[in-house]
Every structure is written in structure tokens, then in C-alpha cells.
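S.K.: Here is what each chain is made of, one letter per residue.
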Amino acid sequence: MLLDFDTTKPLYLQLAETVEDDILKGIFEEDAQIPSTTEISMNFKINPATAGKGINLLVDEGILYKKRGVGMFVCADAKEKIFQKRKKDFYENYIITLLNEAKKLKITKEEIIIMLRKECSQ
Amino acid sequence: MSKIEIKDLTKLYGKTVALESLSLNIEGNKIYGLLGRNGAGKTTLLNLITNKLFPSNGEITIDSETVFENENALSKIYYMSEFNLYPPTMKVKDLFKWTKEFYWDFDVEYASHLSDKFGLKKNKKFRELSTGYASILKIILTLSSNAEILLFDEPILGLDANHRDMFYKELINHYSGKPKTIIISTHLIEEVADIIEEVIIINNGKLMLSDHTESILSSGYTLSGKAEDVDSFIQDKRVIGIDTIGRFKSAYILGSRPLIETMNKHNLEITKLDLQKLFIQLTNS
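Chain order of the listed sequences is A and B.
For the first sequence, our numbering gives the first residue as 1255, with consecutive numbering after it.
For the second sequence, our numbering gives the first residue as 251, with consecutive numbering after it.
Rather than coming from a laboratory, the hints here were simulated on the basis of the structure.
Mixed in with the good hints, there may be bad ones.
[Unchecked claim] Distance condition first, Cα-Cα at most 25 angstroms in a straight line; then the derived DSS-like pairs of lysine-lysine: (1) Lys522(B) / Lys1358(A); (2) Lys280(B) / Lys1307(A); (3) Lys1320(A) / Lys280(B); (4) Lys499(B) / Lys1357(A); (5) Lys1299(A) / Lys341(B); (6) Lys1299(A) / Lys476(B); (7) Lys1358(A) / Lys499(B); (8) Lys1279(A) / Lys1339(A); (9) Lys499(B) / Lys1360(A); (10) Lys419(B) / Lys1307(A); (11) Lys527(B) / Lys1263(A); (12) Lys419(B) / Lys280(B); (13) Lys371(B) / Lys1307(A); (14) Lys428(B) / Lys1358(A); (15) Lys280(B) / Lys343(B); (16) Lys428(B) / Lys1321(A); (17) Lys1358(A) / Lys476(B); (18) Lys1263(A) / Lys350(B); (19) Lys428(B) / Lys1299(A); (20) Lys1263(A) / Lys515(B); (21) Lys428(B) / Lys1307(A); (22) Lys280(B) / Lys1299(A); (23) Lys1320(A) / Lys476(B); (24) Lys1307(A) / Lys522(B); (25) Lys350(B) / Lys326(B); (26) Lys1299(A) / Lys347(B); (27) Lys419(B) / Lys1263(A); (28) Lys1342(A) / Lys515(B); (29) Lys487(B) / Lys1263(A); (30) Lys487(B) / Lys1360(A); (31) Lys367(B) / Lys456(B); (32) Lys1263(A) / Lys522(B); (33) Lys1360(A) / Lys515(B); (34) Lys1263(A) / Lys476(B); (35) Lys341(B) / Lys371(B); (36) Lys280(B) / Lys1357(A); (37) Lys1357(A) / Lys515(B).
Chain A on its own, in the form it takes in the complex:
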């Protein structure tokens, strides 16, 4: 788990995304336990309320579930749920950002398409 403290995103959202990333990468497997809020807040030196807010967000979205007295676990269909959610964000986060950066660098749309074709054919 890594957090980037410099972006505009509130810390609890960053934490939630980091946990999602680690689920996608298989660091946290489905039905497996994730670190406790205390462990997470100690590790990143963040307020336990902030860590709790991030984790609860994932509980609300059905990505994590709580076992009373034991801890937090990854839901069985967590990966699929994250995939669906991330696909929606893909356009905003990557396509739009890509086009903005390209504009800054005066790269034309045709050039981008050529680059993509080349990369995909490899």
C-alpha cells in the first residue's frame, strides 16, 4: 500500500483507491482479511478516523465486509465490482488527461492514434 500525499484528492479517498488497487493486483485476495484500521493508520501516520472513513466507503460499495470481532475482509465479487467502477473512470482519468497532455506537447490526434496502434500491435 502506498499513498501519495500530494494530490488534490482527500486522503480517505486515496486510501480507498489504494486498497482497491491492491485487490486488483491480488495483494489482498477475495475473502482474505485486510490490515485493521489501526494498522493502516499507524503505518501511514494518519488519523484513525480518516482511515476508518476510507475503509467504510469500501464497505458501503460492497467491496469489503466486516466480520464482527475479527476484522475486515475482501468480498467475493470485489474484483468485478472494482473493474466495473474503474472502467467508468477510465475515460475521465486517462483519455481526457491524455488529450490535455498531448495538446500541451502539440501532439496531433493523428499522431496519438498512430502511437496507440503501434503500441497495441506489439
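Knowing the structure of chain A, use the given hints to seat chain B on it.
M.R.: Just chain B now, with coordinates in the frame of chain A:
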């Protein structure tokens, strides 16, 4: 869960005003950061809360009981002061027992465990400790006191990076296990910015700001880019400060954040406000 209420507090030293009509509610079970420049009145406030000083005017209560010469209210607080008020020839391990005489809930075992963790030698006399280890001892005494309210005045004075890291982690661990009201007065804002849930800023003896850390940080943004571009954008904005390096300019702005995409089109970059920069801008006059 212990609450501190401060009403219209004024403290004068002769003709010097150290605190002026300061009112503040400190809710229970939260971690507060008490921030202010040198001489702003932070230590005076902590000394007044712990009845080490008497107010010229106003009142402080803990759970609705006045702190003025009130053993019951004061026994709920442990104050880690900048000053060393311990018998200089007493050994560390005896200081633990000595503290237990005053704080009955003091956890000697936990204090001993923390000493091993931080590498504090329990057979050393207090006067033999370095500045860093004197701070560590005081941190250990405070955490082990089991008081409902913990006040830390410059806790990390003389601590190296490793010990600071250990302190913050232990503080979070301790707080997670047994939530309590914690106030940390510090100049190292960046280090505590993500730990504190509430921010209190005192400037020239007056309360300047008291709010949730998250609300403060989301109340504005930093806009950076070419000086002319930044200037034209900020004309009608509430700017609290500006940093310039050559033709590059960063403006610290209060108000809701414009869309990142819109800004990118104008070659402007948006980042979040950071607590330390905000503090510097707010207390800069």
C-alpha cells in the same frame, strides 16, 4: 469522554496581553493540533487549562467543572510540559513509581514496555538523559498516565527522525486502543497534519481558526502556473497568499475548487492547500 470548555479567556502579564477573550470548545475523544507562532500563547493556554497559571478573566471547565483549584477536574489531565519538573537524581524506573503516586491509573508495565521500545535505559538518572531521551521519558509518562486528556507541548523536541516516527505511530496505536482527548502543540505542522482531526490556530493571543482538518484543507486550493495566467485567474478570487519563483507563481485561494480539466486547458495546475502553507499565510502579519 472529557470535554474542555474555554470561555472568554484573557491572560495578562503586566501590560502584555498573552491571551485575549479566547473561547473554544474541545470535544472529547479527538486529536487536536494546537498551532501558533512563537509567543502566540500556546503554552500559556495549556498552563491555564492545567491550572498552572490563573486567568485574568474568563473560565475553563472540564466536563462542566471548573479547573480552578479542582483536584477532580485536574486529575483527568496529564500535561507533558516543555519544562522538566522531575527530581534530577531520580532514576527512570523510580520516576514511573513516583508518577503512579499522583496518577493512580498510571500503567507501569506499559511505561516499561515503551522504554524498551524507544531504547530508554531505566537505570539512568533523569539528569543524565540527553534532550532527546528527556523528551522520550516525558512522552512515555504521558502515554502511560491513562489520563482522559493528554496535553503535549512540543513533544518531539530533540527527537531524531526514527524516534519521531515511533512516537507518532505509538500515539495512533494508543489512541486507537483507548480513544481520549489529545492536544498536541507543535511547530512541525507537516508531520502532524494527517494525524490531527481538528486544528486550532492561535495568533497574537487570539483564536484565529478552529475547525476540522479536512474542512480546512478542502476550503481552498493552490493554483500554479505562469505568473500572468495565474494573475488573470485570481482577480476576483479570495487570495490568502502568493509565492513567486521567477515567472512561476503559486496562489493560495479560499473558495470552491474549479474543475481540473478547465484549469489544465489554461495551463494552470491545481493542487490541494497544505496545512503548513496555509498556516504561514494566515499568521504572516
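S.K.: All hints are to be evaluated individually against the structure, with a verdict given for each.
M.R.: Quick rundown of the hints versus the structure:
1. Lys522(B) / Lys1358(A): 22 angstroms, holds
2. Lys280(B) / Lys1307(A): 15 angstroms, holds
3. Lys1320(A) / Lys280(B): 24 angstroms, holds
4. Lys499(B) / Lys1357(A): 22 angstroms, holds
5. Lys1299(A) / Lys341(B): Violated - the C-alpha atoms of Lys341(B) and Lys1299(A) are around 32 angstroms apart, more than 25 angstroms.
6. Lys1299(A) / Lys476(B): 35 angstroms, violated
7. Lys1358(A) / Lys499(B): Roughly 19 angstroms between the alpha carbons, so the hint for Lys1358(A) and Lys499(B) holds.
8. Lys1279(A) / Lys1339(A): 16 angstroms, holds
9. Lys499(B) / Lys1360(A): Holds, at about 23 angstroms.
10. Lys419(B) / Lys1307(A): 19 angstroms, holds
11. Lys527(B) / Lys1263(A): 17 angstroms, holds
12. Lys419(B) / Lys280(B): 16 angstroms, holds
13. Lys371(B) / Lys1307(A): 39 angstroms, violated
14. Lys428(B) / Lys1358(A): Not satisfied, since the Cα-Cα distance of roughly 52 angstroms exceeds 25 angstroms.
15. Lys280(B) / Lys343(B): 30 angstroms, violated
16. Lys428(B) / Lys1321(A): 21 angstroms, holds
17. Lys1358(A) / Lys476(B): Distance ~14 angstroms between Lys1358(A) and Lys476(B) Cα, so the pair holds.
18. Lys1263(A) / Lys350(B): At roughly 45 angstroms apart (the allowed maximum being 25 angstroms), Lys350(B) and Lys1263(A) break the hint.
19. Lys428(B) / Lys1299(A): 17 angstroms, holds
20. Lys1263(A) / Lys515(B): 20 angstroms, holds
21. Lys428(B) / Lys1307(A): 19 angstroms, holds
22. Lys280(B) / Lys1299(A): Holds: Lys280(B) and Lys1299(A) sit about 15 angstroms apart, inside 25 angstroms.
23. Lys1320(A) / Lys476(B): Given that 25 angstroms is the threshold and the Cα spacing comes to 49 angstroms, the pair is violated.
24. Lys1307(A) / Lys522(B): Holds. Lys1307(A) to Lys522(B) sits at ~19 angstroms (cutoff 25 angstroms).
25. Lys350(B) / Lys326(B): 14 angstroms, holds
26. Lys1299(A) / Lys347(B): Roughly 31 angstroms separates the two Cα atoms, so the pair is violated.
27. Lys419(B) / Lys1263(A): 23 angstroms, holds
28. Lys1342(A) / Lys515(B): Status holds; Cα separation ~22 angstroms.
29. Lys487(B) / Lys1263(A): Between Lys487(B) and Lys1263(A) the Cα gap is close to 22 angstroms, so the pair holds against 25 angstroms.
30. Lys487(B) / Lys1360(A): 31 angstroms, violated
31. Lys367(B) / Lys456(B): Judged against 25 angstroms, a Cα distance of about 39 angstroms means the pair is violated.
32. Lys1263(A) / Lys522(B): Since the Cα atoms of Lys1263(A) and Lys522(B) sit roughly 8 angstroms apart, the hinted pair holds (cutoff 25 angstroms).
33. Lys1360(A) / Lys515(B): With Cα atoms ~13 angstroms apart, Lys1360(A) and Lys515(B) stay inside 25 angstroms; holds.
34. Lys1263(A) / Lys476(B): 23 angstroms, holds
35. Lys341(B) / Lys371(B): 9 angstroms, holds
36. Lys280(B) / Lys1357(A): 47 angstroms, violated
37. Lys1357(A) / Lys515(B): 9 angstroms, holds
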